[in-house]
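Mind docking chains Z and H on chain G? Use the hints.
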Amino acid sequence: MDPIARRNIVNKIMLTVTGICTVLTVSTLFLILGYLVVNGWRSVDWNFFTKLPMAAGETGGGVANAIVGSGIVILIAMVIGIPVGFLGAIYLAEFGGKTVPMLIRYTADLLNGVPSIVIGIFAWTVIVVPMHHFSAWAGGFALSLMMIPIGLRATEQFLRGVPNSLREASLALGASKTRTIISVIVPAAKQGILTGMILGVARIAGETAPLLFTSLNNQYWAKSPNEPTAALPVLIYNYAISPYEDLHRQAWAAGLVLLVLVLIANIASRWVLSRGAAVQRG
Amino acid sequence: MKTRMLWIALFAAAGTMAASAETITAAGATFPAPIYQKWFEEFHKAHPDIQINYQAIGSGGGIRQIIEGTVDFGASDVPMTDEQMSKVTKYKVLHFPTVLGGIVPTYNVPGATLNFSGATLAGIYLGNIKKWNDAALKKDNPSANLPNEDITVIHRSDGSGTSFVFTDYLAKVSPEWKTKVGVNASVNWPVGLGGKGNEGVAGLVKQTPNSIGYVELIYAVQNKMEYGSLKNAAGNFVKADFNTVSEAAAGAAKDMPADFRVSINNAPGKNAYPLSSFTWLLIPDKIADATKKKSVIDFLQWMLTTGQADAQGLSYAPLPKAVVAKEQKQIALIK
Amino acid sequence: MATAVVTAPPSSRPRKLGQFWRDGDHIAHLVTLIFAASVFLVTVFLVYELWIHSAPSRAKFGFSFLTGKVWDPVAEQFGALPFIYGTVLTSFLALLISVPLGVGAAIFLAELAPPRLSNICTFLVELLAAVPSVILGLLAIFTMVPLLRQYGEPFLKRTLGFLPLFQGPAYGVGYLAAGLILAIMTFPFIISISREALLAVPREQREAALALGATKWESTWQVVVPYARLGILGSIFLALARALGETMAVTMVIGNDTGIHTSLLSPGYTIAAVIANMFSEATGDMYLSSLIELGLVLFALTMVLNGAAQLLILATTGKGSRQP
Chain G
1 MDPIARRNIV NKIMLTVTGI CTVLTVSTLF LILGYLVVNG WRSVDWNFFT
51 KLPMAAGETG GGVANAIVGS GIVILIAMVI GIPVGFLGAI YLAEFGGKTV
101 PMLIRYTADL LNGVPSIVIG IFAWTVIVVP MHHFSAWAGG FALSLMMIPI
151 GLRATEQFLR GVPNSLREAS LALGASKTRT IISVIVPAAK QGILTGMILG
201 VARIAGETAP LLFTSLNNQY WAKSPNEPTA ALPVLIYNYA ISPYEDLHRQ
251 AWAAGLVLLV LVLIANIASR WVLSRGAAVQ RG
Chain Z
1 MKTRMLWIAL FAAAGTMAAS AETITAAGAT FPAPIYQKWF EEFHKAHPDI
51 QINYQAIGSG GGIRQIIEGT VDFGASDVPM TDEQMSKVTK YKVLHFPTVL
101 GGIVPTYNVP GATLNFSGAT LAGIYLGNIK KWNDAALKKD NPSANLPNED
151 ITVIHRSDGS GTSFVFTDYL AKVSPEWKTK VGVNASVNWP VGLGGKGNEG
201 VAGLVKQTPN SIGYVELIYA VQNKMEYGSL KNAAGNFVKA DFNTVSEAAA
251 GAAKDMPADF RVSINNAPGK NAYPLSSFTW LLIPDKIADA TKKKSVIDFL
301 QWMLTTGQAD AQGLSYAPLP KAVVAKEQKQ IALIK
Chain H
1 MATAVVTAPP SSRPRKLGQF WRDGDHIAHL VTLIFAASVF LVTVFLVYEL
51 WIHSAPSRAK FGFSFLTGKV WDPVAEQFGA LPFIYGTVLT SFLALLISVP
101 LGVGAAIFLA ELAPPRLSNI CTFLVELLAA VPSVILGLLA IFTMVPLLRQ
151 YGEPFLKRTL GFLPLFQGPA YGVGYLAAGL ILAIMTFPFI ISISREALLA
201 VPREQREAAL ALGATKWEST WQVVVPYARL GILGSIFLAL ARALGETMAV
251 TMVIGNDTGI HTSLLSPGYT IAAVIANMFS EATGDMYLSS LIELGLVLFA
301 LTMVLNGAAQ LLILATTGKG SRQP
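Residue numbers (this note's numbering), protein chains in the order written: chain G, 1 to 282; chain Z, 1 to 335; chain H, 1 to 324.
Next up, chain G with everything else stripped away, as it sits in the complex:
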């Protein structure tokens, strides 16, 4: 065969192959969402959102305490993680020199790469054992460790992205560095910062492993963050591996709710970012 024709055929085949790869990979998301919707939407009812879990083998329970429990540990994580990420990033972008920021960035990346189960072990040794009980605090602390690197790096990037001309103009007008940061730089970067925080929350919303031996689980409402608390991802895990059909049903519904929330958070963060970019360009 004419070598040129052969090369053209190879060209067409390989390019089609790459197209197929793309179709396969992109469609996975829709497959996942589809399966969850088909299996779960019927179970997402009023009972599901308002009732507490029932004893094994009985039907009609709900996941109310898991939804609220997830909210509580995420809130604790945010209370710890957002200040650290935000203020730490300000240091890295505005105040730091050469070596110290490099060291901090390196450890943040290291922390980001720590497997979530190892974070769970750490939270167990430093919070659960000294406190002598499982608690939402321990769970929230573990999750904050996963949230901080994301918030830190994203915030730093967006702070750095603010043009130097803004900084210089502010300083030229007599403002101190602190005032410059508060009134000029942070507002200029606020979309990006918000994005980083939302992404951090989205990431920890679905984490299960760090909660397994920190916030444990709870059949009832947790009265205070000092108690073990139920959480959606842990609930999904426990129900999925059980033999009870009713619990499987609830696991699908909980999975659907969790995935929808996580996806909404991710999409929202993109939207916030794109709006910010448009404003800056225009």
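Take these hints with a grain of salt, some might be off.
Stated by the list, open to error - Straight-line alpha carbon distances no greater than 25 Å define the calculated DSS-like cross-link-like pairs of lysine-lysine that follow:
hint: 1; chain 1: Z; residue 1: K45; chain 2: G; residue 2: K223
hint: 2; chain 1: Z; residue 1: K180; chain 2: Z; residue 2: K231
hint: 3; chain 1: Z; residue 1: K138; chain 2: Z; residue 2: K239
hint: 4; chain 1: Z; residue 1: K231; chain 2: G; residue 2: K51
hint: 5; chain 1: Z; residue 1: K87; chain 2: G; residue 2: K223
hint: 6; chain 1: G; residue 1: K223; chain 2: Z; residue 2: K38
hint: 7; chain 1: Z; residue 1: K130; chain 2: H; residue 2: K69
hint: 8; chain 1: Z; residue 1: K131; chain 2: H; residue 2: K157
hint: 9; chain 1: H; residue 1: K69; chain 2: Z; residue 2: K87
hint: 10; chain 1: G; residue 1: K12; chain 2: H; residue 2: K216
hint: 11; chain 1: H; residue 1: K157; chain 2: Z; residue 2: K206
hint: 12; chain 1: H; residue 1: K216; chain 2: Z; residue 2: K180
It is worth saying that the hints were derived from the structure and are not from the lab.
Only chains Z and H this time, still in chain G's reference frame:
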């Protein structure tokens, strides 16, 4: 935006958290989890100010957490060893038997009602007997129609009192098991898949054709799974139920040691079920918080009297009367 | 007094120490430094805790912990090899599937697709990375595992059963199932980062190849991809680091068996899965210490891989990145 929504959700939740109920955290065995959950629910209805949060993380978990002091009390199907008890320095751990249960060999072979002799069961779990139509199984079941399929063995992946009782039984009926694998809540299983908790094993057996697992009776019953009969010490094939498990316990009541730590595997008796076990609550003998102490004592009294009536309905056997009397005396030891 | 000097030099020596600290900028500097340093301190503390709590098993087993094949809680003999083997095997399987798929898709998105389609598809793929592990595990248990058990694995046994890799009963759960689910979790990383690396290749390279008569595919495969190979390699390392640490989805489908098996169809264990299953019930100090040592091993592995990945990615996208 998200923060505000979270605040609203929190306030709503706080609003629904009505009176200041005392919450007690407990963790441990999955073997008695169905009846414990029912008990804690009923007890809460009778005493709305006391709430017991029980997490079924396995007997190993119950023992570990009571040693670490991270729970108010634990639960286990395997009594703590002297070594484990010596690790707890702040108080002594008291064992309170709650019910009796039977561990059944449950399997996913449609339409077959099977008998297992001890040696056969050990052979399956050792990996020596690989197919359902093996000669040993045929010998135990001369009239059954056994398929020519591989046996998928399922065991526990977590530290389990159920595993302890099961391996203890296997060690009693199979010298090879005793030397090769041994007895413990967590062993080096020669073959098979691991499921987490009694529920995990039941779940795997239910979903995997031609599999076999060991679970507490109620898990097989609630999930409508087939389970087999075991050959007991008297040589009869016995299926686990309220009567056969009670018969296994009957002899134990007389020789019950003062600390209630006893094994009733392979108990004598014509119709005694050979894989029966007590299951215990691990209660500290010193509880600092006065309200918690009263709650625990109230629960124990309730459990030994009203609670026992729930046992039969969930396929457990209630405690022999002599054991109940001894336990009521032990309650006085809680300071 | 009127406003201070127009540009206050922050390094001018103040007359009194007290005045130094009353300067808002210095306070802000200190406060933010404390928060930033806390990240460093916490990470150091984490490594410290892992090190301390694994001391008993490190003392008892030494390096033979990494080569020991037996995990026997009864005899208190703990060897990590089955878990290291399972972790490496499942991750390798995952990459075997996701690298060709991922690089292929990245090529399509970077070279062939119109920019708008490329952006949308990349966005969708990155959303996939956000799907929580436990949800993938849920799907795997109820949809993927039965399919594998009934169709996938018997098919492999019939066609490739002469290889020891595909022998033994078809459980559905096992190394293969875990590898497949890890592939789904890793290809978003490969696609996203490889695409960036490919887009960073200067246009001149492509144009030069095309000018010499190469087809589009030849230009891509023989010129662009090699140019971006460091970034692509970095994405693979990053994906590998993620796969190694994955816990929930893996523990739901790997079968939880503590042995080393050659067949891909057999059940096994990974480091993360065994910790998740056994940690809260490890009775016995040596048992707990061994599990924590496993955590340390996993941490070390991911640390090395992440470090290598960052270097590689920096080398590519830093080099030829287009100016905004």
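Structure-based check of each hint:
| no. | hint | verdict |
| --- | --- | --- |
| 1 | Z:K45 with G:K223 | holds (18 Å) |
| 2 | Z:K180 with Z:K231 | holds (22 Å) |
| 3 | Z:K138 with Z:K239 | holds (18 Å) |
| 4 | Z:K231 with G:K51 | violated (45 Å) |
| 5 | Z:K87 with G:K223 | violated (31 Å) |
| 6 | G:K223 with Z:K38 | holds (21 Å) |
| 7 | Z:K130 with H:K69 | holds (24 Å) |
| 8 | Z:K131 with H:K157 | holds (18 Å) |
| 9 | H:K69 with Z:K87 | violated (29 Å) |
| 10 | G:K12 with H:K216 | holds (9 Å) |
| 11 | H:K157 with Z:K206 | holds (24 Å) |
| 12 | H:K216 with Z:K180 | violated (63 Å) |
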